[in-house]
Structure formats: C-alpha cells, structure tokens
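A.B. asks: Go ahead and model the full structure; you've got the sequences and the hints to work with.
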Amino acid sequence: MDVCTSKHKIAGPMSVFELDALREAFRRSVRENNVTAVEWGEHAELFVKSTICKESGAIQA
1 MDVCTSKHKI AGPMSVFELD ALREAFRRSV RENNVTAVEW GEHAELFVKS
51 TICKESGAIQ A
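All letters in the sequence shown, in the order written, are residues 1 to 61 by our numbering.
Each hint should be verified, as a subset may be incorrect.
[As the list claims (entries may be wrong)] Label-pair distances were calculated between CB atoms; the ranges are: (1) GLY12 with ALA37: 27 to 37 Å; (2) ASP20 with TRP40: 14 to 24 Å; (3) GLY12 with ASN34: 29 to 39 Å; (4) ALA21 with LEU46: 25 to 35 Å; (5) VAL38 with SER15: 24 to 34 Å; (6) VAL38 with GLY12: 17 to 27 Å; (7) GLY12 with THR36: 10 to 20 Å; (8) LEU19 with LEU46: 17 to 27 Å; (9) GLY12 with LYS49: 26 to 36 Å.
In short, the hints are calculated from the structure, not lab data.
Please read these numbers as outputs of a predicted model, since none were measured by experiment.
Each residue gets a CB set at the ideal place from its N, CA and C atoms; glycine is no exception.
C.D. replies: Okay, structure coming up:
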C-alpha cells in the first residue's frame with residue numbers, strides 16, 4: 001500500500017505562484033512522457049499523488 005495516498009495532509013491553501021509552478025510541472029510531465037489527451041486524467045492523478053509524496057517526504061511502502 002502506498003503510504004502517501006493513505007495518510008496525507010494538506011498544509012493549507014496554495015499560493016498563485018505555487019499553483020502556477022505545479023501547472024507548469026504537470027505540462028512538462030505531459031510533454032516528457034508523451035501523454036495523449038485520452039491519458040490526461042490518469043496521468044494527472046498519478047502526478048498529483050507523486051507530488052504529494054514528494055512534498056510530504058513520505059516513504060512509499
């Protein structure tokens with residue numbers, strides 16, 4: 001089970017700058033991984049989960 005998705009906390013609202021950086025990182029990830037329009041939903045879910053894990057410093061089991 002993935003520790004990050006089972007017990008994560010949101011620190012609070014994100015700033016406009018943080019949201020812009022997150023959006024740009026997602027766009028870059030889409031380009032680098034050649035994600036098609038059909039795959040965007042799944043890719044977005046995985047991207048957010050991995051970003052939460054990186055930000056929380058949690059270890060995946």
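A.B. asks: If a hint holds in the structure, say so; if it does not, say that too.
C.D. replies: For each hint, the structure was consulted:
1. GLY12 with ALA37: 27 to 37 Å: Since the Cβ atoms of GLY12 and ALA37 sit about 32 Å apart, the hinted range of 27 to 37 Å holds.
2. ASP20 with TRP40: 14 to 24 Å: With a Cβ separation near 19 Å, ASP20 and TRP40 satisfy 14 to 24 Å, so the hint holds.
3. GLY12 with ASN34: 29 to 39 Å: Holds, at about 34 Å.
4. ALA21 with LEU46: 25 to 35 Å: violated (18 Å)
5. VAL38 with SER15: 24 to 34 Å: holds (32 Å)
6. VAL38 with GLY12: 17 to 27 Å: Violated, since VAL38 and GLY12 (Cβ atoms, about 34 Å apart) do not stay within the stated range.
7. GLY12 with THR36: 10 to 20 Å: For GLY12 and THR36 the Cβ distance comes to about 34 Å; the hint is violated.
8. LEU19 with LEU46: 17 to 27 Å: holds (19 Å)
9. GLY12 with LYS49: 26 to 36 Å: Given about 19 Å between the Cβ atoms, the range is violated.
Going through the hint list in order, the structure does not satisfy hints 4, 6, 7, 9.
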